[in-house]
Amino acid sequence: MMNTLSRFSKQMKHITSSFHNLLFRLNPFWLQLFYITTLSSFGFLALKATKPRTSTKPKNLDLFFTSVSASTLSSMSTVEMEVFSNTHLVFLALLMFLGSEVFTSLLGLHLMRAKKAKNGLSRSNVSYHTENLDENENLNLNMKIKCMKTLSCTVSCYLFVAHGAGLALIYIYLILNPAAKKVLQTKGINLSTFSIFTTVSAISNSGFTPTNENMVAFMKNPGLLLILVPQLMMGNMLYPIMLRLMILLMAKTTRSREYNYILQNSGELGYGHLIPWQDTVYLGITVFGLVVVQMAVFSALEWNSEAVVGGGLSVYEKVVGIFFQVVNSRHTGEVVFDLSAVSQAVLLMFVLMMYLPPYTSYLPIEQAENTVTSRGEKNTRSNCKGFLDNLIFSQLTYLFIFIFLICLTERHKMKTDPLNFNVLNIVFEVVSAYGNVGFTVGYSCEKQINPDANCKDAWFGFVGKWSDVAKLILAIVMIFGRLKKFNKRGGRAWNLA
Numbered sequence: 299m300m301n302t303l304s305r306f307s308k309q310m311k312h313i314t315s316s317f318h319n320l321l322f323r324l325n326p327f328w329l330q331l332f333y334i335t336t337l338s339s340f341g342f343l344a345l346k347a348t349k350p351r352t353s354t355k356p357k358n359l360d361l362f363f364t365s366v367s368a369s370t371l372s373s374m375s376t377v378e379m380e381v382f383s384n385t386h387l388v389f390l391a392l393l394m395f396l397g398s399e400v401f402t403s404l405l406g407l408h409l410m411r412a413k414k415a416k417n418g419l420s421r422s423n424v425s426y427h428t429e430n431l432d433e434n435e436n437l438n439l440n441m442k443i444k445c446m447k448t449l450s451c452t453v454s455c456y457l458f459v460a461h462g463a464g465l466a467l468i469y470i471y472l473i474l475n476p477a478a479k480k481v482l483q484t485k486g487i488n489l490s491t492f493s494i495f496t497t498v499s500a501i502s503n504s505g506f507t508p509t510n511e512n513m514v515a516f517m518k519n520p521g522l523l524l525i526l527v528p529q530l531m532m533g534n535m536l537y538p539i540m541l542r543l544m545i546l547l548m549a550k551t552t553r554s555r556e557y558n559y560i561l562q563n564s565g566e567l568g569y570g571h572l573i574p575w576q577d578t579v580y581l582g583i584t585v586f587g588l589v590v591v592q593m594a595v596f597s598a599l600e601w602n603s604e605a606v607v608g609g610g611l612s613v614y615e616k617v618v619g620i621f622f623q624v625v626n627s628r629h630t631g632e633v634v635f636d637l638s639a640v641s642q643a644v645l646l647m648f649v650l651m652m653y654l655p656p657y658t659s660y661l662p663i664e665q666a667e668n669t670v671t672s673r674g675e676k677n678t679r680s681n682c683k684g685f686l687d688n689l690i691f692s693q694l695t696y697l698f699i700f701i702f703l704i705c706l707t708e709r710h711k712m713k714t715d716p717l718n719f720n721v722l723n724i725v726f727e728v729v730s731a732y733g734n735v736g737f738t739v740g741y742s743c744e745k746q747i748n749p750d751a752n753c754k755d756a757w758f759g760f761v762g763k764w765s766d767v768a769k770l771i772l773a774i775v776m777i778f779g780r781l782k783k784f785n786k787r788g789g790r791a792w793n794l795a
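Here the sequence shown is numbered in the numbering used here, starting from 299 and rising by one per residue.
Errors might be hidden in some of the hints.
Taking lysine-lysine and the DSSO-like style, the derived pairs with C-alpha atoms no more than 27 Å apart in a straight line are [to be verified]: (1) Lys745 / Lys711; (2) Lys357 / Lys550; (3) Lys485 / Lys616; (4) Lys357 / Lys711; (5) Lys745 / Lys763; (6) Lys349 / Lys754; (7) Lys485 / Lys754; (8) Lys479 / Lys447; (9) Lys355 / Lys616; (10) Lys355 / Lys550; (11) Lys745 / Lys357; (12) Lys349 / Lys485; (13) Lys349 / Lys480; (14) Lys355 / Lys783; (15) Lys346 / Lys518; (16) Lys413 / Lys713; (17) Lys413 / Lys783; (18) Lys357 / Lys763; (19) Lys713 / Lys783; (20) Lys782 / Lys349; (21) Lys447 / Lys550; (22) Lys754 / Lys414; (23) Lys444 / Lys485; (24) Lys479 / Lys444; (25) Lys518 / Lys616; (26) Lys414 / Lys444; (27) Lys485 / Lys518; (28) Lys357 / Lys346; (29) Lys754 / Lys346; (30) Lys713 / Lys754; (31) Lys447 / Lys485; (32) Lys745 / Lys783; (33) Lys616 / Lys479; (34) Lys413 / Lys447; (35) Lys346 / Lys763; (36) Lys355 / Lys754; (37) Lys414 / Lys782; (38) Lys480 / Lys447; (39) Lys754 / Lys447.
Hints listed in this document are in silico derivations from the structure and should not be mistaken for laboratory results.
Let's have the full structure, built from the sequences with the hints guiding it.
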C-alpha cells in the first residue's frame with residue numbers, strides 16, 4: 299500500500315512539474331488563447347445544463363456565443379438577457395470576472411513570479427556547484443520576486459475593494475430609489491443578483507446587464523449611471539492610473555522597500571499595466587480628452603434627436619446619459635440610448651472609439667519616438683521569429699477580412715433586407731466585437747422592405763439575426779479581439795510607400 303502511494307505521489311509530482319514547465323515555455327498568446335477557449339467551453343456546458351427562466355430554451359449555438367461573449371468581455375448578444383435564470387446570471391458573472399483584464403493580468407503576474415523563482419533557484423544551484431554566485435544579481439532577483447508578490451497582493455486588494463464598494467453603492471441606491479427598484483421588481487430580477495452582476499460586468503468592462511434593454515431602463519436614474527461610471531473606468535482605461543496611485547499611497551503609509559522599488563523600477567517587473575508615471579499622466583489626459591470630444595459631438599448632433607428626446611429626459615438627465623454613453627464607447631458597451639436612432643456620424647465616431655485600444659494615449663513627438671525606438675530595439679533583440687512576423691497582417695487587415703467574410707455569408711440578406719443588412723451596420727457590429735465593446739444597432743422589423751408577418755422586434759444584438767456561420771465568425775472575432783494586444787506591431791513587413 300505504501301509503495302503504491304509512493305509511486306502515485308512521484309507520478310503526480312512528475313505531472314505537476316511537466317505542467318509547470320509547459321506553462322513557463324508556452325508563448326503568452328497561446329496560453330491566453332487556451333485559457334479563453336477553455337473558459338468559454340466550460341461556460342457553455344454550465345449554461346446548457348441550467349434551466350432558463352422562460353419556456354423558450356436558447357439554441358446551443360446561442361449559448362456558446364453568449365459564453366464566448368462573456369469570457370471575452372464583449373457583451374454581444376443573440377438572445378434576450380431576461381431569458382436567463384438567476385443561476386445563468388451567476389455563471390455569466392463568474393465568466394466575466396475570470397475573463398476580466400485585471401484578473402487575467404493577476405494570473406500572469408503569479409506565473410511570472412513562479413518562473414523567476416524557478417529560474418533563480420536553478421541559477422543558485424548552478425552557482426553553488428561552480429562557486430560563482432553573483433551576490434548582487436541574486437539579491438536583485440530576490441527583490442523582484444518580493445515586489446511581484448507585493449504587487450499581486452495589491453492587485454488582489456484592488457479587485458476586492460472595487461467590487462465590494464461597487465456592489466454596496468448599487469445595492470444601497472436600489473434600496474433608496476423606489477423607481478429603480480420597481481423596474482427590477484416588475485421584471486422579476488433579484489436586487490442582490492442585479493447588484494452583483496452589474497458590478498462585475500462594469501469593472502470587468504463586459505457590458506452585460508440582467509435586463510433586456512441594458513441600461514435604457516434606467517435612463518431616468520442618473521444617480522445609478524454616475525455610480526457605474528467610475529467602475530467602468532477603474533477596470534479598464536484608468537486602471538494603470540488607479541494602480542499607481544494605490545501603490546503610491548501604500549508606499550507613503552507603509553514605508554515598504556518593495557513599494558518604493560515598484561515605483562522606481564516599474565518596467566523591470568514586466569507587468570504591462572504598471573506604466574511609467576509620465577505615460578500615466580498622458581493616458582489620463584487622453585482618456586478625459588476623448589470623453590469631452592465625444593460629449594461635444596454627441597450633444598451637438600443628438601440633443602434634440604428621437605434617441606435622446608424620446609425618453610422625456612430633463613437637461614440634467616440628458617447630460618448624465620450622454621456622459622454615460624460616451625464613456626461606454628471605450629470598451630464597455632452598456633447603453634442608455636437606442637443606438638439605432640442616432641445619426642450615422644455618431645456611429646462612425648463610435649466605430650473609431652471602439653477600435654482604439656484602452657490605453658491609447660497622446661505622447662509628445664519626442665517622447666513617442668523614444669518609446670518606439672526603445673521598444674523596437676527590444677523587439678529586435680528578443681524576436682527571432684522573422685518568417686512568422688512577415689506573415690502577420692495589421693489589425694485593420696484582419697478586420698477587413700472578417701467584415702468581408704460576414705458580407706459574403708450574409709450577401710442574400712444584404713439584397714433582400716438592405717436597410718438592416720447594410721455595410722455600416724455590419725462594420726459597426728464587427729468592430730464592436732473586435733473591440734470587445736458590445737455596442738449594436740439591433741434589428742428593426744419596420745425597416746424590412748418585404749415585411750415579414752412573423753417578425754418581432756427583440757432586445758438582442760444585430761448578430762442575433764445573422765446565420766449560424768456568421769455567428770461563429772463573430773465569435774472568432776471576439777476571441778481575436780481579446781488577444782489583439784499580441785498583434786500591436788503586426789503588418790510591419792508590408793510597405794505601402
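Hints versus structure:
For the suggested pair Lys745 and Lys711, the alpha carbons sit about 13 Å apart, so the restraint of at most 27 Å is met. For the proposed pair Lys357 and Lys550, the alpha carbon gap of about 54 Å is over 27 Å, so the pair is violated. The suggested pairing of Lys485 with Lys616 holds, with an alpha-carbon distance near 25 Å, which does not exceed 27 Å. For the given pair, Lys357 sits about 21 Å from Lys711 by alpha-carbon distance, which is consistent with the 27 Å threshold.
The suggested pairing of Lys745 with Lys763 holds, with an alpha-carbon distance near 14 Å, which does not exceed 27 Å. Restraint check for Lys349 and Lys754: the C-alpha separation of about 24 Å stays at or below 27 Å, so the hint holds. For the hint pairing Lys485 with Lys754, the CA-to-CA distance comes to about 20 Å; that is within 27 Å, so the pair holds. A distance of roughly 42 Å separates the Cα atoms of Lys479 and Lys447; the hinted pair therefore is violated under the 27 Å criterion.
With a C-alpha separation of about 37 Å, the suggested pair Lys355 and Lys616 falls outside the 27 Å cut-off, and the hint is violated. Of the pairs offered as hints, the one joining Lys355 and Lys550 is violated, with about 55 Å between alpha carbons and a cut-off of 27 Å exceeded. Proposed proximity of Lys745 and Lys357 is supported: the alpha carbons are some 26 Å apart, at most 27 Å. At most 27 Å may separate the alpha-carbon atoms for a hinted pair to count; Lys349 and Lys485 meet this at roughly 18 Å.
Simply put, Lys349 and Lys480 have alpha-carbon atoms about 26 Å apart, close enough for the 27 Å limit, and the pair holds. A distance of roughly 36 Å separates the Cα atoms of Lys355 and Lys783; the hinted pair therefore is violated under the 27 Å criterion. For a cut-off of 27 Å, the pair hint linking Lys346 to Lys518 is broken: about 35 Å separates their Cα positions. In summary, the hint linking Lys413 to Lys713 is not supported, as the alpha carbons are separated by about 55 Å, beyond the 27 Å threshold.
As the CA atoms of Lys413 and Lys783 are separated by approximately 22 Å, the hinted pair is consistent with the 27 Å bound. With a C-alpha separation of about 13 Å, the suggested pairing of Lys357 with Lys763 holds against the 27 Å cut-off. Our distance criterion of 27 Å between C-alpha atoms is broken by Lys713 and Lys783, whose separation comes to about 36 Å. For the hint pairing Lys782 with Lys349, the CA-to-CA distance comes to about 35 Å; that exceeds 27 Å, so the pair is violated.
At most 27 Å may separate the alpha-carbon atoms for a hinted pair to count; Lys447 and Lys550 meet this at roughly 19 Å. Restraint check: the Cα-Cα separation between Lys754 and Lys414 comes to about 57 Å, which exceeds 27 Å; the hinted pair is violated. Taking the CA atoms of Lys444 and Lys485, the gap is near 50 Å; set against the 27 Å cutoff, the hint is violated. Restraint check for Lys479 and Lys444: the C-alpha separation of about 47 Å exceeds 27 Å, so the hint is violated.
For the hint pairing Lys518 with Lys616, the CA-to-CA distance comes to about 9 Å; that is within 27 Å, so the pair holds. This hinted pair checks out: Lys414 and Lys444 have alpha carbons roughly 11 Å apart, not beyond 27 Å. For the suggested pair Lys485 and Lys518, the alpha carbons sit about 17 Å apart, so the restraint of at most 27 Å is met. Among the hinted pairs, Lys357 with Lys346 is consistent with the structure: their alpha-carbon atoms are about 9 Å apart, no more than 27 Å.
Restraint check for Lys754 and Lys346: the C-alpha separation of about 25 Å stays at or below 27 Å, so the hint holds. For the suggested pair Lys713 and Lys754, the alpha carbons sit about 20 Å apart, so the restraint of at most 27 Å is met. Only pairs whose Cα atoms come within 27 Å are accepted, and Lys447 paired with Lys485 is rejected, the gap being roughly 45 Å. About 38 Å separates the Cα atoms of Lys745 and Lys783, which puts this hinted pair outside 27 Å; it is violated.
Between the alpha carbons of Lys616 and Lys479 the distance comes to roughly 21 Å, so the proposed pair stays at or under 27 Å and holds. Restraint check for Lys413 and Lys447: satisfied, since their Cα atoms lie roughly 13 Å apart, inside the 27 Å limit. Of the pairs offered as hints, the one joining Lys346 and Lys763 holds, with about 21 Å between alpha carbons and a cut-off of 27 Å not exceeded. As the CA atoms of Lys355 and Lys754 are separated by approximately 17 Å, the hinted pair is consistent with the 27 Å bound.
A threshold of 27 Å between alpha carbons decides the hint, and for Lys414 with Lys782 the separation of about 26 Å falls inside it, so the pair holds. Only pairs whose Cα atoms come within 27 Å are accepted, and Lys480 paired with Lys447 is rejected, the gap being roughly 45 Å. The straight-line distance between the Cα atoms of Lys754 and Lys447 is roughly 54 Å, outside the 27 Å bound, and the hint therefore fails.
Checked against the numbered hints above, the structure violates hints 2, 8, 9, 10, 14, 15, 16, 19, 20, 22, 23, 24, 31, 32, 38 and 39; every other hint is satisfied.
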